[in-house]
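Chains as they are written, first to last, in this note's numbering: chain S, 150 to 264; chain Z, 274 to 384.
Derived from the structure by calculation, the hints contain no laboratory data.
Think of the CB as a built atom: it goes at the ideal place given N, C-alpha and C, for glycine as much as any other residue.
Be careful, since some hints might not be right.
The list that follows gives simulated cross-link-like pairs (lysine to aspartate or glutamate, EDC-like), each with its CA atoms no further than 20 Å apart [stated by the list, open to error]: (1) K158(S) with E315(Z); (2) K206(S) with E179(S); (3) K206(S) with E228(S); (4) K341(Z) with D275(Z); (5) K163(S) with E208(S); (6) K206(S) with D275(Z).
Every beta carbon over 10 Å from chain S, so not counted as near; a handful from chain Z, in silico [to be verified]: (7) V284; (8) S287; (9) K322; (10) Q354; (11) S356; (12) P384.
To list a few chain Z residues with every Cβ distance to chain S over 12 Å, as calculated [to be verified]: (13) T285; (14) E288; (15) F291; (16) N295; (17) S305; (18) K329; (19) T338; (20) K341; (21) E342; (22) T344; (23) H347; (24) E349; (25) K350; (26) S352; (27) V360; (28) L380.
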Amino acid sequence: NAGVTQTPKFRVLKTGQSMTLLCAQDMNHEYMYWYRQDPGMGLRLIHYSVGEGTTAKGEVPDGYNVSRLKKQNFLLGLESAAPSQTSVYFCASSYKRTGGGYGYTFGSGTRLTVV
Amino acid sequence: GDSVTQMEGPVTLSEEAFLTINCTYTATGYPSLFWYVQYPGEGLQLLLKATKADDKGSNKGFEATYRKETTSFHLEKGSVQVSDSAVYFCALSNTGNQFYFGTGTSLTVIP
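Looking at chain S on its own, in the form it has when it is part of the complex (with noise of 0.2 Å):
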């Protein structure tokens, strides 16, 4: 089926370690996200990509790094996991830009601990 693809699904890292998250999406979305998902904390925005070869920092960048090499792909690294790092991470992708009422398409999700 059309839609976002996260991979990996669960992952253990140690401290110090480091990791890249991938997602990619068929749709031809111009605008994909990284989100992190905390309890009692909702979604915080990482970092996102308006378009192929861009990327912006979001709410909660610090830590993580990304890249949009092709347009269907949204690689987000943690270069030296730490625990504060535990979470679950969602990709998103959008055709336009949010402010026109076009949602968001999300990936499955990246389970992620650090120990």
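Fit chain Z to the known structure of chain S by using the hints.
Structure of chain Z alone, referenced to chain S:
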């Protein structure tokens, strides 16, 4: 800045009970308003939306009306089912490039 406030949960209801989850917002201009639903172990799915004042969004028996005078977008369903158990998020989008989400309300429906 823009923000969304929704009622805290968890909410537990018996099957066929009436559901209301309150959502109010703060925003300049004319935002679009959304309700998303997250089932256990899954990502968020768009449930319904409204893009201008007095619009009513509806889907799967759920409804919400965009009330600009009270800056609200409360979610309602007349008769909940066990399958409605999930976490519900209110959200808004404005002229920027992102959504603003509420903290989510967990609903459990018991038979």
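Status of the hints after comparison with the structure:
1. K158(S) with E315(Z): 11 Å, holds
2. K206(S) with E179(S): 17 Å, holds
3. K206(S) with E228(S): 16 Å, holds
4. K341(Z) with D275(Z): The hint holds at about 14 Å.
5. K163(S) with E208(S): Between K163(S) and E208(S) the Cα gap is close to 25 Å, so the pair fails against 20 Å, i.e. violated.
6. K206(S) with D275(Z): 17 Å, holds
7. V284: At roughly 15 Å from the nearest Cβ of chain S, V284(Z) sits farther out than 10 Å, so the non-interface label holds.
8. S287: Fine: 26 Å to the nearest Cβ keeps S287(Z) off the interface.
9. K322: Given a closest Cβ separation of 6 Å, the condition is violated.
10. Q354: 23 Å, holds
11. S356: 19 Å, holds
12. P384: 27 Å, holds
13. T285: T285(Z) is indeed farther than 12 Å from all Cβ atoms of chain S, at 18 Å.
14. E288: 27 Å, holds
15. F291: At roughly 25 Å from the nearest Cβ of chain S, F291(Z) sits farther out than 12 Å, so the non-interface label holds.
16. N295: Since the minimum Cβ distance to chain S is about 15 Å, N295(Z) lies beyond 12 Å and the statement holds.
17. S305: Violated, since 4 Å does not exceed 12 Å.
18. K329: 14 Å, holds
19. T338: 16 Å, holds
20. K341: 15 Å, holds
21. E342: 20 Å, holds
22. T344: 17 Å, holds
23. H347: Consistent with the label, H347(Z) stays out of reach of chain S, its closest Cβ about 18 Å off (over 12 Å).
24. E349: Consistent with the label, E349(Z) stays out of reach of chain S, its closest Cβ about 20 Å off (over 12 Å).
25. K350: Holds, because the least Cβ-Cβ distance between K350(Z) and chain S comes to about 20 Å, which exceeds 12 Å.
26. S352: Per Cβ check, S352(Z) is outside 12 Å of chain S; nearest 26 Å; holds.
27. V360: It is violated; V360(Z) is separated from chain S by about 10 Å at its closest Cβ, not greater than 12 Å.
28. L380: L380(Z) clear of chain S: closest Cβ-Cβ about 16 Å, beyond 12 Å.
Violated hints, listed in ascending order, are 5, 9, 17, 27; each of the other numbered hints is respected by the structure.
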